[in-house]
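Chemist: What follows is the residue order along each chain.
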Amino acid sequence: MTAVAQPEPARRRTASPLARAWAFVRRNAISVFGVLALVYLLLPIVVVIVFSFNDPAGRYNYTWEGFTTEHWTNPFGPPGLGDAMEASLKVAGLATLAATILGTLAALALVRYHFRGRGATNLLIFIPLAAPEIVLGASLLTLFLNWGVSTGFWTIVIAHIMFCISFVVVTVRARLVGFDRHLEEAAMDLGANEYVTFWKVTLPLIAPGILAGALLAFSLSIDDFVITNFNSGTTVTFPLYVWGSARLGVPPEVNVIGTMIFGVAIAIMLANVLFQWRRTPKGAQ
Amino acid sequence: MTFFHRHRWLTPYVLLAPALAWLVLFFVVPLFWLSITSLQEGTVQVGYTFTWAWENYSNAIREYHTQFFRALLYAGIATVVALLISYPLAYWIAFRGGRWKNVLLLCIIAPFFVTYLIRTLAWQNILSDNGFVLDVLKTIGLVADDGRLLATSTAVVAGITYNFLPFMALPLYVSLEQIDRSLIEAAEDLYASSAKAFLRVTLPLSMPGVIAGTLLTFIPAAGDFINAQLLGTPNQYMIGNVIQSKFLVITDYGQAAALSVLVMAVILVLIAVYTRLLGTERLAG
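If you're matching them up, the sequences are chains A and B in order.
Following my numbering, the numbering of the first sequence begins with 1 at its first residue and continues without gaps.
Following my numbering, the numbering of the second sequence begins with 286 at its first residue and continues without gaps.
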């Protein structure tokens, strides 16, 4: 950005008034377009939040009938919704824990070491990211069917760990690539052994990357419908509850919980943005 | 510990082992069982036996080629529309975002924080027969007075476009952000018009983002069944709907697995062709 911010006398002199007017129109046209695109992206979110305060007349929460905070006072009112949310949180917690540990170890190996089979390993980690969810879900189901495993809570956890690992590896790896290894060497020069160096230097430095990976894994897990749908048996997670209720009319409490999840996620992201913002010196764009 | 000191070459394998074992067991092995299942014959009642039942494939193609091509068509249209919306948006944020870049990026990924099913249901709400979008379109004459938006292919494609748009916008942003601004300035100093500078410098340099974004959008879009289910009718069903109902509702595992293998195969071929045609040459240049 520094290069753009500097005055450009050469271009100022050569540009005709017409070209400058065109540049002005173009600059503003793209801003208008950008704002409209953001409105389009955010519109459904506004609808979700607004309709969590709706007081629907019948089963369907489609038209605005009146304002009420009733659904916010008892968001787990509809039968089954509380259990579904509990199942979702348990699955997400377990999957995040396992995927974060496995993914971080794998990322360390991929960045730190040169070894035989690196290319194949990379491929194995990246194909699950590119494969359509329906194929991942369907193939796991055929595995469980052929092995005679009945699907339920634990098969959901297994599936979620599987699709979260690759995302954790990618996230932690990105953080490790920019890592200054001189810090580790300094610790070793000062007498720390490899294990002390890892716990006191390496881990604290890559902790933000691990945290980012864990947050990503948690949000992917709690949001997942397709893969869960194939491997859930009779267990109902929050997205499965929403799917089941879609045919009969979704209760406004679903909007309340959707809004809550959105609020928590946005709060975490905003905290991160503000943190980075404050650390960036003014004018150093 | 001494064991690892003596055999340092083992360290990366030890670090990788748990994650790779998980991915092999719950990603690679399931794909094997998916292919096996696709060649099995039988019903849930009498059980399935492996009989090289290639007729699963021929029957599946004969009966469901419509849904197959519809999935590719809808995903293709959605990908193009998402590109047309995302490119100016990503350009705007990368080149004019300034200090607000992080906040604007947060707006792009904000839809991800509302559960997939809930944001699709919000579109059901927005496009419904009582919704304001339909009112506006009727008023300006774009839709006939008795026309509707919900339960049409337009609604399904719009839903797919919306749900996967961030997958397009983020890689585009990354590649636009990485462009060395002095290259564009150099082109303008050498009397290229801004349009020409864009076409000859910015656009080619952003091609990696276009390729990545297109694949990341097209692949999940082609396998999707949620938008067709919630925003369309059986006339809009895509291949994902067929696979989902064959696995989970009518338990016709052989054909369902055959269709899943076909989806995976088509997508692998597309990735290969796409990167060969567009990727290598442009990426190298």
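It is possible that part of the hints are untrue.
Here are the simulated distance ranges between beta carbons [stated by the list, open to error]:
1. B:332 <-> A:194: 21 to 27 angstroms
2. B:550 <-> A:212: 49 to 55 angstroms
3. A:263 <-> B:339: 48 to 54 angstroms
Take a look, some chain B residues computed to stay more than 12 angstroms from chain A by CB distance [as the list claims (entries may be wrong)]:
4. 326
5. 333
6. 336
7. 351
8. 362
9. 488
10. 490
11. 495
12. 553
No lab work stands behind these hints, which were simulated from the structure alone.
Treat the numbers as computed from the prediction; the structure is a model and nothing was measured.
The C-beta atom is built at its ideal place from N, Cα and C for all residues, glycine as well.
Chemist: The structure should be examined with respect to each hint, and the outcome stated for every one.
Modeler: So, going through the hints one by one against the coordinates:
For the hinted restraint 21 to 27 angstroms between residue 332 of chain B and residue 194 of chain A, the CB-CB distance of approximately 54 angstroms leaves it violated. Distance hint check: the CB atoms of residue 550 of chain B and residue 212 of chain A are about 34 angstroms apart, inconsistent with the given range 49 to 55 angstroms. At roughly 52 angstroms, the beta-carbon separation of residue 263 of chain A and residue 339 of chain B lies within the given 48 to 54 angstroms, and the hint holds. Distance check on residue 326 of chain B: its Cβ is at least 14 angstroms (rounded) from any Cβ of chain A, clearing the 12 angstroms threshold; non-interface status holds.
Interface exclusion of residue 333 of chain B from chain A breaks down, the closest Cβ pair being 8 angstroms apart, not more than 12 angstroms. Even its closest Cβ contact with chain A, about 15 angstroms, leaves residue 336 of chain B beyond 12 angstroms, as expected for a residue assigned away from the interface. For residue 351 of chain B, the non-interface assignment is confirmed: its Cβ lies about 18 angstroms from the closest Cβ of chain A, beyond the 12 angstroms cut-off. The Cβ of residue 362 of chain B lies farther than 12 angstroms from every Cβ of chain A, with a closest approach of about 17 angstroms, so its non-interface assignment holds.
Every CB of chain A lies more than 12 angstroms from the CB of residue 488 of chain B, the least distance being 15 angstroms, so the non-interface label holds. Annotated as non-interface, residue 490 of chain B keeps its C-beta farther than 12 angstroms from every C-beta of chain A; the closest such distance is 15 angstroms. Even its closest Cβ contact with chain A, about 17 angstroms, leaves residue 495 of chain B beyond 12 angstroms, as expected for a residue assigned away from the interface. Distance check for residue 553 of chain B against chain A: the nearest CB is about 9 angstroms away, which does not clear 12 angstroms, and the non-interface claim fails.
In summary, the numbered hints that this structure violates are 1, 2, 5, 12.
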